[in-house]
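Number of protein chains: 2
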Amino acid sequence: MRVIRSVKTMQRLVSQARRQGKRVGFVPTMGALHEGHLSLMRRCRRENDLTVVSIFVNPAQFGPTEDFKAYPRPVKADQRLAGKAGVDILFYPSDKEMYPDPYRTYIEVEKMTENLCGKFRPGHFKGVATVVGKLLNIVQPDVLYLGQKDAQQAVVLKQMVRDLNFPVTVKVCPIVRGPDGAALSSRNVYLTPQERRQAAVLFRSLQEAKEKIQSGERSLAAVVQGIRRRILKETSGKIDYVACVNAQTLEPLSCVDGKILIALAVRFGSTRLIDNILVQVR
Amino acid sequence: MRVIRSVKTMQRLVSQARRQGKRVGFVPTMGALHEGHLSLMRRCRRENDLTVVSIFVNPAQFGPTEDFKAYPRPVKADQRLAGKAGVDILFYPSDKEMYPDPYRTYIEVEKMTENLCGKFRPGHFKGVATVVGKLLNIVQPDVLYLGQKDAQQAVVLKQMVRDLNFPVTVKVCPIVRGPDGAALSSRNVYLTPQERRQAAVLFRSLQEAKEKIQSGERSLAAVVQGIRRRILKETSGKIDYVACVNAQTLEPLSCVDGKILIALAVRFGSTRLIDNILVQVR
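Line by line, the protein sequences give chains A and B.
For the first sequence, the tail end lands on 282 under our numbering, and the numbers increase by one without skipping.
For the second sequence, the tail end lands on 564 under our numbering, and the numbers increase by one without skipping.
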């Protein structure tokens, strides 16, 4: 596995690969790799000739009061894991390489970035769209792999790719969970053992909601209430939001129909966890 | 010359060309082609294996009170001129092909879009950056050719290309002028014969300013005043702005030094003309 720190070198390497007719797959990450990331890398490797992974903790997507500085950066362990997953090129740029001074240009996806996490993290998706736009121009992949764990991010980036005509196919991969059902997250390391046990309640409440809908529940308010009550009863977490939305557009639902995304964000101390589940009605 | 109306077909054609090792040059236009555009196309043809030109009157860069509907669209004449200039592919998409509903994503270059034309045309450069970002992803050129006539646009797009890491080289080509010195513009067709004669005063006033600086004038206020006075005296135009700025950053100058851009915008009735000149001091 080659580790590349320069944008120019990265662009040169993929241009060469593409001229040789190689199919390039790309997994962007912020490092602190866990089985969720690794499942994307392994799938990328199966489906492409060249697997590129980026590790970049993107300052532009953190708010001023958020955990940019504290975000885990286990560089050595990450390199070992990426190598074992069969990654060909690890792109690992510095902040200055990605945002040289003066930096002026941002990509914004309107409307679908305003609700859910967007409401609690103003500017977050502007930072995400901008850095992924940059990475797509640097890595020029044929296929971009994203995780369903960040459901809003995946919808926003699909819209960006479509709107700006990036010549790439987006594949969204399923959430990887621990044995207790809790979604794997780089931020789980912040949790106390007690909070980590409670984190599994998020998934159980989502699963219960899904089963309710599948058994015929048609009141979204009741579904959301059920999740909120269970989280408040069984955990010490504070709820940012629990919402049922259209899985493709993230718009509010007028009735229980089609592909539904039930998503939530809960804070344990200063650690914010997100999780979601998809429900297909008819 | 092939005329392509679909994004997918355009992307397929350039991907093929690039796999064959061809160097792709690209000239984006809004049509109503004149010698300014054609000079870009001929240079593009000399320097590349495949010359792609787009004609798209981009609704996103016109304000609600501007001339989007009235903008000249001489399609047949444009095709003939592009063909004669040796263009290989003319990309001529519909509004709906470029902005399918629901469209949500915009590129914004901050700060350097706030002064000069940006002050009088809010949202204009957001529309320009967005459409050129899209076109770069559709045409995937090695070289992008822009005209110096739209000086602020060229600076903004160079910043966008650098910031978002588009793998393209930007070349800015000189202004082409009529025999009287007036810059060629698709909007000149709106002018009355009298206004068309007066339009040449814009360039003469810029030239006079350049000569003053080259002869030692070091008061920017005096330079700007000289231009304003001449335009107000010799034309019926209304001045939007006359400004001396840093040619690279478009920032205000603290002293007369380095590469200076003197730029102006003047309205004749509802027709807005722009022009500019570069002065290298030392």
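Hints listed in this document are in silico derivations from the structure and should not be mistaken for laboratory results.
The reader is advised that the hints may include incorrect statements.
[As the list claims (entries may be wrong)] Straight-line distance between alpha carbons at most 27 Å, and here's what the computed DSSO-like set of lysine-lysine pairs gives:
1) A:K84 to A:K8
2) A:K96 to B:K520
3) B:K408 to A:K111
4) A:K119 to B:K408
5) A:K96 to B:K494
6) A:K210 to A:K126
7) B:K492 to A:K96
8) A:K126 to B:K408
9) A:K119 to A:K22
10) A:K126 to B:K440
11) A:K119 to A:K171
12) B:K393 to B:K358
13) B:K408 to A:K22
[Claimed, not checked] Computed, partial: chain A to chain B, Cβ under 8 Å:
14) Q16
15) A17
16) Y71
17) A85
18) T105
19) I107
20) K111
21) Q140
22) L164
23) N165
24) T169
25) Y241
[Unchecked claim] Output of the computed footprint for chain A on chain B, the stretches with three or more beta carbons under 8 Å from beta carbons of chain A:
26) 388-396
27) 412-423
The C-beta atom is built at its ideal place from N, Cα and C for all residues, glycine as well.
We went through each hint and held it up to the structure:
no.	hint	in the structure
1	A:K84 to A:K8	holds, 26 Å
2	A:K96 to B:K520	violated, 44 Å
3	B:K408 to A:K111	holds, 17 Å
4	A:K119 to B:K408	holds, 24 Å
5	A:K96 to B:K494	violated, 41 Å
6	A:K210 to A:K126	violated, 31 Å
7	B:K492 to A:K96	violated, 38 Å
8	A:K126 to B:K408	holds, 15 Å
9	A:K119 to A:K22	violated, 41 Å
10	A:K126 to B:K440	holds, 21 Å
11	A:K119 to A:K171	holds, 26 Å
12	B:K393 to B:K358	violated, 39 Å
13	B:K408 to A:K22	violated, 35 Å
14	Q16	violated, 12 Å
15	A17	violated, 12 Å
16	Y71	violated, 23 Å
17	A85	violated, 25 Å
18	T105	holds, 4 Å
19	I107	holds, 5 Å
20	K111	holds, 6 Å
21	Q140	holds, 7 Å
22	L164	holds, 5 Å
23	N165	holds, 4 Å
24	T169	violated, 12 Å
25	Y241	violated, 21 Å
26	388-396	holds (count 7)
27	412-423	holds (count 6)
The structure fails hints 2, 5, 6, 7, 9, 12, 13, 14, 15, 16, 17, 24 and 25 (numbered hints given earlier, in ascending order).
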